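Asks: Go by the hints and put chain B onto chain A.
These protein sequence lines are chains A and B, in that order.
Each residue of the first sequence is one higher than the one before, starting from 19 at the first, in this note's numbering.
Each residue of the second sequence is one higher than the one before, starting from 19 at the first, in this note's numbering.
Hint data in this document are derived by calculation from the structure and do not stem from the laboratory.
Please read all numbers here as calculations on a predicted model, not as lab measurements.
Be a bit skeptical, because a hint or two may be false.
[What the hints assert, rightly or not] Partner residues are not named here, just some residues of chain B that face chain A (Cβ under 7 Å, in silico):
(1) I32
(2) I35
(3) I38
(4) T39
(5) R42
(6) H45
(7) A49
(8) D66
(9) Y67
(10) S70
(11) M74
(12) A75
(13) T202
(14) A203
Ideal Cβ placement from N, Cα and C applies to all residues, glycine included.
Protein chains: 2
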Amino acid sequence: MTSTFRSRPAASPIRAIDVITKKRDGHELSAAEIESFIAAYTTGGIPDYQASAWLMAVVLRGMSRTETAALTNAMLHSGEVLDLSEFPAAKVDKHSTGGVGDKTSLVLAPLAAAGGLVVPMISGRGLGHTGGTLDKLESIPGFKVNLSVAEFRRVLSACGCAMIGQTAEIAPADRKLYALRDVTATVESPYLICASIMSKKLAEGIDALVLDVKTGSGAFMKKEEDAIFLAELMVETGERVGKKMVALITDMNQPLGTHIGNSLEVIEALDVLRGSGPEDLRQLCLELAGWMFYLGGIESTTELGKLKAERLIRSGAALETFRTMLKLQGGDEHVIDDASLLPRSKHAMQIPSPKTGFISEIDCQAIGTASVILGGGRAKKEDSVDPSVGIILHRKLGDAVSAGEPLCTIHYNSETQADEAAALLQKSFRIAEAAPAKKKSLVHRVIGGDITSR
Amino acid sequence: MTSTFRSRPAASPIRAIDVITKKRDGHELSAAEIESFIAAYTTGGIPDYQASAWLMAVVLRGMSRTETAALTNAMLHSGEVLDLSEFPAAKVDKHSTGGVGDKTSLVLAPLAAAGGLVVPMISGRGLGHTGGTLDKLESIPGFKVNLSVAEFRRVLSACGCAMIGQTAEIAPADRKLYALRDVTATVESPYLICASIMSKKLAEGIDALVLDVKTGSGAFMKKEEDAIFLAELMVETGERVGKKMVALITDMNQPLGTHIGNSLEVIEALDVLRGSGPEDLRQLCLELAGWMFYLGGIESTTELGKLKAERLIRSGAALETFRTMLKLQGGDEHVIDDASLLPRSKHAMQIPSPKTGFISEIDCQAIGTASVILGGGRAKKEDSVDPSVGIILHRKLGDAVSAGEPLCTIHYNSETQADEAAALLQKSFRIAEAAPAKKKSLVHRVIGGDITSR
Chain A
19 MTSTFRSRPA ASPIRAIDVI TKKRDGHELS AAEIESFIAA YTTGGIPDYQ ASAWLMAVVL
79 RGMSRTETAA LTNAMLHSGE VLDLSEFPAA KVDKHSTGGV GDKTSLVLAP LAAAGGLVVP
139 MISGRGLGHT GGTLDKLESI PGFKVNLSVA EFRRVLSACG CAMIGQTAEI APADRKLYAL
199 RDVTATVESP YLICASIMSK KLAEGIDALV LDVKTGSGAF MKKEEDAIFL AELMVETGER
259 VGKKMVALIT DMNQPLGTHI GNSLEVIEAL DVLRGSGPED LRQLCLELAG WMFYLGGIES
319 TTELGKLKAE RLIRSGAALE TFRTMLKLQG GDEHVIDDAS LLPRSKHAMQ IPSPKTGFIS
379 EIDCQAIGTA SVILGGGRAK KEDSVDPSVG IILHRKLGDA VSAGEPLCTI HYNSETQADE
439 AAALLQKSFR IAEAAPAKKK SLVHRVIGGD ITSR
Chain B
19 MTSTFRSRPA ASPIRAIDVI TKKRDGHELS AAEIESFIAA YTTGGIPDYQ ASAWLMAVVL
79 RGMSRTETAA LTNAMLHSGE VLDLSEFPAA KVDKHSTGGV GDKTSLVLAP LAAAGGLVVP
139 MISGRGLGHT GGTLDKLESI PGFKVNLSVA EFRRVLSACG CAMIGQTAEI APADRKLYAL
199 RDVTATVESP YLICASIMSK KLAEGIDALV LDVKTGSGAF MKKEEDAIFL AELMVETGER
259 VGKKMVALIT DMNQPLGTHI GNSLEVIEAL DVLRGSGPED LRQLCLELAG WMFYLGGIES
319 TTELGKLKAE RLIRSGAALE TFRTMLKLQG GDEHVIDDAS LLPRSKHAMQ IPSPKTGFIS
379 EIDCQAIGTA SVILGGGRAK KEDSVDPSVG IILHRKLGDA VSAGEPLCTI HYNSETQADE
439 AAALLQKSFR IAEAAPAKKK SLVHRVIGGD ITSR
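Next up, chain A with everything else stripped away, as it sits in the complex (with noise of 0.2 Å):
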């Protein structure tokens, strides 16, 4: 026996098991070891049922804000990082967790781009009832959201806006995360939510962030404590990677405007953009917008971002810049001086009240599975949309309705998808016999925006 004591190697790797022993035990990973769990899995260094049943850990014990912020990191270099720095304007984004009938987007980046802001949009697609704004493009005879990203490059420095699809090269952990997690119950976690939200979104490599996160019927947040929660940690994250943020935690009891579906949504979006459209859609339009402005120092308060932005559109410079932006990614420009360029049902009928009253609830939820059910939404990952398809609200929450008129009428295609949305939407009204106490307000609250102490 020559020596009863060996030396060990310096730093041993480290493995998948410990980490996912270690979430399990509900103990803090390191930026080390979360860093090196996301790197090996994007890479296929650890399988699919060693993230799952890390993630599952995750869900149920939860994060520390330094875990979040790692995640997010980890999941953000990943994959390429946007450098704008060529652009001497303030970048800055709206990102919104997911409405029925939301289609702020559309009128945003136009809008702020207009005042001088650049806004490297990156979207998605609809996801379960909500709607997605790559969908609601599509319909647009032409338009392409799989720009590269030269060519992203070059509608930013011509309009100062872009709207695509998440490429290859961003964030790919995201994108293998996120199809694991919708399949083994994991989608339903503040701190996933997060890290996937904002990787993307610091990879469009923006100065600031507006967040519109959703509450009520028609939200995957239903609770407010549940969105303020992930509003703050959003907020925090990207303020600790040094970007100004800010959270507005908006109402989706009911769908946002009166349009839901996606050709639906771009005309209501024109109606914004040209100066009309419905006053709950305008106002958030404008509140968004306002804080882009401020965020990006463009306006010294909100008040006067917002005013700003009511003098975009009355100039009409905000619907000049998305005909530009429109042209750029190939659309056809005469769509936003004749609808009836866009994809349009074969089919409309009304889904008549059954009694007089006041309308004192809406499913909400309920409705973008109408829509979904129309074919305007995906069932599975894999299905097409038909743009065309959707519905129009004729009464939202507190408004009065005679028997006999119409709640709602309901664009479609085929009979069988009609009539099962038509039964879904006849119970997705209450009608109450007194009118309803004061309307919630749309804005339910602000996280972060203190840009002066800073």
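Replies: Relative to the frame of chain A, chain B by itself:
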């Protein structure tokens, strides 16, 4: 529009994602959900990544007694369940949760069979720092543990006991799930451990089961409360399907007996069958045998069962039953009379005590690990074991020792392995100046075993 109401399918199939979600959210799964999930996983209808997410949810959310029973049942019926009703005698087995130096199975199978019981023992291999019955048996030249079910019945019929490994037909769900748990940090769950053990034991077609649940520094359950929890779970799960059950919570704060290692443990088991052997091992064998005779209806009290076991050893009947089984399973019966026919290590070295005093603490897991390092166990599942190596203890808890006297002897074939094991063993004994207080009893507690009231 013909109708706004459409019928839905009467019973929708159970979806994996819904079962995962339900467990994630802490709800109780129905037996149908558990059975459907396990059946689909076993036959490849559910991928590993969904099963591992579900397993982690089970680890962190737990299971009710009803769920645990349903899981056990689903795993049991994933494969063949032996029907031993052709044997008129009571079928009784013993199972240990794993320890260091635990060779009681080698004594109990022939001892209980000699007393008139049928013992259809299906055992496992070494796991982590603990030894496995199959590895020990295979150190006997020629001994075959992979019998067909027909051969198994033939041996049982000839001598009342047979000792084999898990066949492909028995609980395939457990084999597949265990392999997944092993790499996803989902082994440590009393519910999953219970279902894994009980599904395999119930597949043996037994009437009664004596469980030896270890607790202490060398056990998987270091904390006694965890051992008790698991024991209660297993006893209740067995009783729910009409089995007579008892669990003894026994001490594993030091190895059982003095011999650790495969052929070394066969030697010590033969000593006990001959009426000698260390007192702790001998006493535990008698206790467990007493319970087997009591639960099997051979004796009216466990005390009488214990006396019967003593008589069967004294008369040589137990040893002769072992000899018969050994021959029937292809082993060289001469090892019984000449231990030198068993594999022997090339070298041996003693670990001297660094000081004079009393053994106050033994790191029992470290001693098991030292045996694995010598080659007596597996670091990875694919490793083969060296049957000849191991450790013989010369001092146990409470024993006096003088400086320089041997604490234990290492039996080894490789200098490098011996060096590493020696370094570990030197740190595994704590020596105090004063004699320790009264020793802990070997059997801490008895759970279940109340068969009179049923």
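Asks: Now, for every hint given, state plainly whether the structure supports it.
Replies: To see whether the hints hold, each was checked on the structure:
A distance limit of 7 Å between C-beta atoms decides the matter here; for I32/B the minimum to chain A is near 14 Å, and the interface restraint is violated. The restraint placing I35/B at the interface with chain A holds, with a minimum CB-CB distance near 6 Å, inside the 7 Å limit. Taking 7 Å as the C-beta contact cut-off toward chain A, the hint placing I38/B at the interface holds, the least distance being around 4 Å. Contact between T39/B and chain A, as hinted, is supported at the beta carbon level, the nearest pair being about 4 Å apart and thus within 7 Å.
With a least beta-carbon distance of about 5 Å to chain A, the hint placing R42/B at the interface is held under the 7 Å criterion. Residue-level restraint check for H45/B is violated (minimum Cβ-Cβ distance to chain A is 12 Å; threshold 7 Å). The criterion of a C-beta within 7 Å of any C-beta in chain A is not met by A49/B, whose closest approach is roughly 20 Å, and the hint is violated. Satisfaction of the interface hint for D66/B is found here, the shortest Cβ-Cβ separation to chain A being roughly 4 Å, below the 7 Å cut-off.
Hint on Y67/B holds. Least Cβ distance to chain A is approximately 4 Å, under the 7 Å limit. Hint status for S70/B: holds, given a least beta-carbon distance of 4 Å to chain A, under 7 Å. Of the supplied interface hints, the one on M74/B holds, with its beta-carbon coming within about 4 Å of a beta-carbon of chain A, less than 7 Å. Nearest Cβ of chain A to the Cβ of A75/B: about 5 Å, under the 7 Å cut. The hint holds.
Checking T202/B against chain A by beta carbon gives a least distance of about 4 Å; that is within 7 Å, so the hint holds. At a threshold of 7 Å, the smallest CB-CB gap from A203/B to chain A is about 4 Å, leaving the interface hint in force.
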